[in-house]
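Residue numbers (the numbering used here), protein chains in the order written: chain A, 1 to 202; chain B, 1 to 596; chain C, 1 to 328.
These are calculated hints, taken from the structure and not from any lab test. Think of the CB as a built atom: it goes at the ideal place given N, C-alpha and C, for glycine as much as any other residue.
Only pairs whose alpha carbons sit at most 25 Å apart, straight line, appear in this in silico SDA-like list of lysine to any residue:
hint : chain 1 : residue 1 : chain 2 : residue 2
1    : A       : Lys-51    : B       : Val-213
2    : C       : Lys-74    : B       : Gln-526
3    : A       : Lys-99    : B       : Glu-592
4    : B       : Lys-416   : C       : Val-53
5    : B       : Lys-416   : C       : Arg-67
6    : A       : Lys-26    : A       : Gly-41
7    : C       : Lys-74    : B       : Arg-338
If you want the ones that stay clear, here's a sample from chain B, every Cβ over 10 Å from chain A, calculated:
hint : residue
8    : Ala-121
9    : Arg-141
10   : Gly-245
11   : Pro-304
12   : Phe-339
13   : Gly-407
14   : Arg-413
15   : Ala-455
16   : Leu-467
17   : Thr-482
18   : Pro-532
The lines below spell out each chain.
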Amino acid sequence: MKYDTDTHAVAVAHGHATFMGLDSRKMAFWAFIGSECLLFGSLISTYLVYKGRSLVGPYPHEILNIPFTSFSTFDLLMSSLAMVLALAAVQRGDMKQGKLWLFVTAFLGLIFLGGQVWEFSHFYHEGLGLTTNLFGSTFYVLTGTHGAHVTVGVIWLLTLWVQALRGKLGPANAMTVEITGLYWHFVDVVWIIIFTVVYLIQ
Amino acid sequence: MKSWLTTTDHKRIGLLYFWTAFAFFLVGGLEALIIRAQLASPSGIGVRAETFNQLFTMHGTTMVFLALMPLSAAFFNFIIPLQIGARDVAFPRLNAFSYWVFLLGGLFLNASFVAGPLFGAGRLSVAPDAGWFGYANLTSRQFSPGPNVDFWLLGLQILGIASLAAGFNFVVTILNMRAPGMRMLRLPPFAWMTLITQFLVITAFPVITVALVLLMFDRLFGTHFFLPSGGGDPVLWQHLFWMFGHPEVYILILPAMGIVSEVLPTFSRKPLFGYTVVVYSGVVIAFLGWGVWAHHMFASGLGPIADSVFAGATMLIAIPTGVKIFNWIGTLWGGQIRFTTSLLFAVGFIAMFIIGGLSGVTHASAPTDLQQTDTYYVVAHIHYVLFGGTILGLFAGMYYWWPKMTGRLLSERLGKVHFWLTMIGMNLAFFPMHLSGLLGMPRRIYTYSPELGVAGFNLVSTIGAFLVGIASLVFLWNMLRTHREPVTAPANPWNAATLEWAIPSPPPVYNFTVIPTVTNRLPLWQTERHGPMAPLPERPPTPIHVPGGSWWPMITAAGLPIMAIGALGRFLPVVFAGLLILIVGIYRWAFEPFEM
Amino acid sequence: MPLVLVAALLLLTACGGGPFPQSVLHAEADFSRELDGLFKNIFAWAVGVFLVVETLLLVAIARFRARPGRPEPKPVHGHTILEIGWTLAPALILVFIAVPTMRTIFSSAGHAPEGALRVEVIGHQWWWEYRYPTLGISTSNELHLPVETHIAVEMTSADVIHSFWIPRLAGKRDLIQGRTTRIAFRPDSTGEYWGQCAEFCGASHANMRLRVVVESDSLFQRWVDHQRAAPVVPAEGSAEARGQQIFRRSACIGCHTITGISTAKVGPDLNHVGGRATLAGALFPNTTEMLRRWISNAPAVKPGALMPPQNLQGADLDAVVAYLQSLK
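The following block holds chain A by itself, in its conformation from the complex (with noise of 0.2 Å):
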């Protein structure tokens, strides 16, 4: 393009002096998690107005296993801690440090992912499928998408950290992981309320 020179960027547009002088990529996402509030608002709406309205069982105080829901719980709490400690490292720029809590974050995720594919194997076998009753399909609608989310965000981390690895990943990329740990922190405050919801609340 006529104009396409490598001189200099325009400052303005590229998040280091915008008119609120807030990163334009952070705002950006402080505008889709108010949106993820919106769609986790209405998938709650909707487990909460089916409640106590499956024709056939199994129920959720059958079913619902609160102690080691409290364990993933937990554990996604303390990726949330790692997540904290990983942006704090970066931001030093002690990439040793930081390499090493985003993959505990991913990990601590994995974890997280992995006792859910637990419990829905489980719960499958114990008669609640999908189509069972009305409370299958609220409770894997909700429980899954807040999955899907969490599958996300362990890619993303992931991916960071094979950054930081190569080497790509320092302080001057200290927003992307901070903006990856706004997504993983909202993320986690999705899943208390979905834990107080849908297992403590019964």
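We have chain A; now place chains B and C onto it with these hints.
Structure of chains B and C alone, referenced to chain A:
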């Protein structure tokens, strides 16, 4: 060609949006004309019931999602960065992605018209046929066994992604990319209404996405979210749909209100009367718009308490809407009004929108709505607000910004023919519908009893609809003929006040030679408080870097319809192929060197 | 423009009921009259507002047209008192609309007084089933009601959502599978009232019509007694008897009830089908010719009709038609 496929320039994407949406507008209009031809007399012209149901479903879906929203998006794209003094939107590639997803989603939906043979349907068209709000449980596998509803629910999911991506992009663009000094209360009203619209988009679309996903599970995997046979409730669909659907109405009308708020001051040579009130009434409308969804469901028997709450909340919306109308009249009052085509359409917008707004009050009242909902009276209402409102507003914007977008002026003479034909046609078409409705003609019927006494009104409606069709062809001709003319439009042909008029028509690829510093709301005007802004230098004092373009937005977007095709054919490998394209596209996009 | 509407409305209202069987402007029951009164009240306000605002708009564009030599307009940015005024004015008008609205919402919520005649309406694609639980009878498509009697209607659907609408008697209400919805009304005068389904319900939505016969107490009682009676048994050896034979061994019994012959409930009850004035969801007059066409190929005359074409020809078809017509 390649430069258009890979473009990330907001102006080119704006033009792509414009032409694509205008093409869909003509398709939706053609569907409307077939509907009107069929209804001109009780016996019709032989359109089959099934075909008729496809036509009105696709007419509504096309006009809402493929014509009006993206026509507004064309202006968001082209005009917003110019109005706020930016070089581009915040995320140019995401912007391109939005366009390609919209285009492919629209093509996917319309492919249903010729996809019949692929599904062994025995006839050509398997277009969606359950109405544009697709009420459960008619949309269930049991009552809609064909692929028709699948096309609809998959197509709308794709289009929702386009809208959401654009929503995030424009929220950030307007908040973050403003030129220095462009404080919130210095934003042009169109930028304000766009910002409000985008907040509605990012909060409303997740809700319909959930509704569509649940419906998809019902249809593809056998769940019972909306099926009473498994304990589900079809009314849940109505709640979810209208929690999206009512904000959607404001998503459609607020941009047009923004356009009118630009056009009236320019051609009255007066600042917008009560700018802050107009802005805040837009915010109030959007806010209230979230709390009124159940007024679409008064006939479903929600009970007197819910009816009262929703009727009351709905009536409240009349207040900020009325305030806007009074402020527009206040803008005209005492001005020096130049009767350009753009101004005529803006005044036409006010005149027609009042009618739609007032008939809206008659069905905000829950009891009277019991005689109006699902009749032609409501059809008249939605067309007075969405045609008399949104489309007239968009036409005002097209005549206003056409020189900026193309560097050529539209013919004012043809423009006036277009305006008067449109006004006469739309009133002939939509006004008698009030009467057909009050005389007991339900909507969505392909035939009616001659004894109802509505045949005469229907014939008039049909004549009016064809006049609107002719008017649209006049406009199409007006646009096409300018393309043979030289680029002669001045930078500021209307002597308007906002920043997009400070740069040449059409704008250079970098928009502004230097980013202006804004000190007031009407930078190009002389007012009692300030003089016009100093002209920008003709050449950039320093080289400006403009990004080259990228294939990945389009490739990533292509993954979505491929996934939808796989879901449609229940063929998992195709779904995974689409997903793979999507993932690869996202990765290449993320790691592509792309500097602004 | 609304002046045209006002004129048209006055004209239409003055026309009386005759030419407009589904007009909401010709109310013939307490429920519909209440809605009509409220509508006309709101409509009057709307016309007033319309006249004021459109006049202001027209005056503005006529008076302030740009003319050469006129001075630049004063750059007025707003006016606080005006803003407050035109915020409060519509709010005040809305009070006058909201109060009667709320009152009517509660008075028309579907609660019938004690002793009202109960009617259950069940929507089907694309016909109406009516049951009178206190009278022990049921019928379809043509609803008979006694005049000046409170009617309590309870509604549900057997399949998709429908909406029960008899404009001159009552506002519409949806029929939803798994839910019961209610309306209540009291017809003023005898006569035949038309209605049709108002919620899009599939291929033949346009053909899902209904008739309501409001009649005097004595006629209604006679109709009820007649419905309670067993269906006519044709005389030995007659064409009707042959028709009954064919009916008994054909697919008909898979969907329809005729007491003593079949008990299926997929399609309408045929015990007294010959006595109804219309066929197929009040779509056609109940004539020999239409009944023949209906039985031989229902989907051809009513798109999507669930009754498949019947393989009956010539004398067999005539016999079945004769039999059904004898079921007065």
